[in-house]
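So the sequence lines, in the order shown, correspond to chains A and B. When you read off a place in the first sequence, starting at 1, and then add 32, the result is the number in the working numbering. When you read off a place in the second sequence, starting at 1, and then add 102, the result is the number in the working numbering.
Quick caveat, the hints were computed from the structure, so don't treat them as lab data. Careful: at least some of the hints might be erroneous.
No farther apart than 27 Å at their CA atoms in a straight line, the calculated lysine-lysine pairs in the BS3-like style are these [claimed, not checked]:
#1 B:Lys181 / B:Lys166
#2 A:Lys47 / B:Lys166
#3 B:Lys248 / A:Lys192
#4 B:Lys125 / B:Lys229
#5 B:Lys193 / A:Lys192
#6 B:Lys216 / A:Lys192
#7 B:Lys216 / B:Lys125
#8 A:Lys192 / B:Lys166
#9 B:Lys125 / A:Lys192
#10 B:Lys216 / A:Lys47
Derived list of chain B stretches under chain A, where covered just means 3 residues or more per stretch with a C-beta under 8 Å from a C-beta of chain A [to be verified]:
#11 133-144
#12 153-166
#13 179-192
Here the structure is a predicted model, which means the values were calculated and not measured. For glycine and all other residues, C-beta sits at the position ideal for the given N, C-alpha and C.
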Amino acid sequence: MAAHRIILFPDPLLKQPSRPVDRADAAAAQLLTDLTDTLHRFPGVGLAAPQIGVLQRAVVVDITRSTRREKKPPRHHGLIALLNPRLLRREGELVFREGCLSVPDFLGNVRRAAWIEVEGMNARGETVKLDTDGFEAVALQHEMDHLDGVLFLDRVENVKTDLFRRKNYAPRPPASTPAATPEAG
Amino acid sequence: MPRRLCYNQNMPYYLLTAAGPDKAGIVAAAAEILYELGCNLEDSAMTRLRGEFAILLIFTAPAKTSLTELRRRLQRLEKSHGLTVQLKPMKPRETLEPPRPQRLCLVTVYGADKPGIVYRVTRLLSKNGVNITDVTTHRTAAGTAKGAAGYILYLEGELAGADTDRLQGLLQDLGRELGVTVALKPVDAEPL
């Protein structure tokens, strides 16, 4: 159990590409555990290894942590923890208002694929293939972008319609308190 | 040809600017006064920056209503809501929407904050004939070990005759010099 500090913009580390994980060894499994532990301490639905200062291709996503209230709960796989995630296929598009635990107090509308198929490796070294859509697909794409040094800031398309300052300028709540708006890592 | 986005050809146009500490009811209070005066809200942009709320609003008023009367009524917002209020009659040509620009661009700049980012980027753009139409900037809390705050700048502008490739190159050079990420993307705005 080791929760980490989250690397914040403008730390140049966030712009670095990450290296593939060679083997699903104890260190790789520990990295996924650390990412999960860290995610659970913050009001977010996903986290990528560069955000805890590790330039390796590992992400975790868990949209069940979201406090969004929707009539129909979005499709989800619970906790997704992947090494070397790779986008196999994508279809459609949707625009989603995203935030990022590494870029506090700023939101932007980003266009993403509406459906994706992703392949990666789990902590036991097994190949995992999954497809998902909606919120979970957005979160996965956001986290996978981090592995290439890409922030949602790079994907905003329009000043007038796409940018939102987070309206809460009060001191951030303690890490254990969920925020009103879920953030992808 | 300039397009007149005007549904009240015979009514004079005014520009209202107002800003003050944010609280619930500012927009309603301003809209109520305009409604009672028989005015028509045309285009507006209103937003909150930190604790401050600002209104930029174009409206038309009945020809019989004097500027003095409009000012008198709108200036009540100063007492009631703590706003600074300004009212400007618009000249007919100011009410025209500029001709649809041929090419728009989005410029994104972000990185560690330092003095001069906005100045250097916008000076470069203006020297190259870009007319800026929208700007949003945001300064984040310190995010590096050295204690640097982050700065995010998005702006949209009309490219006019500017050479996009050359401009992208100049912006890249400036980004390297300032140590920030800079990108210029053409914005597609086709009526579909």
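Fill in: Numbered hints the structure breaks, given as an ascending list
2, 3, 4, 7, 8, 11, 12, 13
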